[in-house]
Amino acid sequence: MLKNLFKPRSGFRLGDDLYAKAVSQARNPAFYTRLAVDDRIDARFELYTLHVLLLVLRLRDENTAQGQDAAQAVFDIYVSALDHVLREEGVGDVAVGKKMRKLGEALYGRMNAYEQPLRAGDAAALAEAMAKNVYADPQAPHADTLARYALTTRAALAAQDFNKVLATPAWAEV
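Numbering (the UniProt record's numbering), first residue to last: 1 to 174.
None of the hints are false.
Here are the computed lysine to any residue pairs in the SDA-like style, where the Cα-Cα straight-line distance is at most 25 Å:
#, residue 1, residue 2
1, LYS132, TYR32
2, LYS102, ARG44
3, LYS21, ALA43
4, LYS164, ASN63
5, LYS21, ALA106
6, LYS21, PHE45
7, LYS132, ARG44
8, LYS164, ASN28
9, LYS21, PHE162
10, LYS21, THR64
11, LYS102, ALA26
12, LYS102, ASP38
13, LYS21, GLN72
14, LYS132, ARG119
15, LYS102, ALA131
16, LYS21, MET111
17, LYS21, TYR32
18, LYS164, ARG119
19, LYS21, ALA170
20, LYS21, ARG148
21, LYS102, ALA43
22, LYS102, GLN72
23, LYS102, ASP137
24, LYS21, THR152
25, LYS132, GLY109
Okay, the calculated beta carbon distance ranges per label pair:
#, residue 1, residue 2, range
26, GLN68, TYR32, 30 to 36 Å
27, ALA167, PRO138, 37 to 43 Å
28, THR64, GLU115, 16 to 22 Å
29, LYS132, ARG13, 32 to 38 Å
30, ARG119, ASP17, 23 to 29 Å
31, ARG13, THR64, 17 to 23 Å
I should point out that these hints are in silico values taken from the structure, not numbers from a laboratory.
Here a beta-carbon is modelled for each residue, glycine too, at the ideal position from N, C-alpha and C.
Could you build all of it, start to finish, from the sequences and the hints given here?
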């Protein structure tokens, strides 16, 4: 029993690596220059959430235990990273729970707002959600382009072999 307790969990290492790849893509300067995403913490949160969701959906779509485990590991690492950022910012232990609850609600809200349009290939609904959440402007001129990027990435990840997704996810050109 103790041997299993202290045994390294490969899912978390995989989750760390995939999460790092999602964050790296979300930090692509083209989002901020070509697509005019403001370099604000909330806009970065939106891009991180979008990229984590794209990976989680692809991994879940694999419909295997390995796919489900990998998707859960990426999601868990993301939530852990949010907690870590709050603590680095000096948020006290008592307040972390409240702030994490608010962040969790925002995270689930975004994932719900993006998941259905991503699954349905509905660029208009996705652009509307991104205009509201990423740009904080219902008339954001670049929301359509960001939505097309997300749908193109979803298709590229879907076309990619599962093991290749784990090694190097196929992000669309920004």
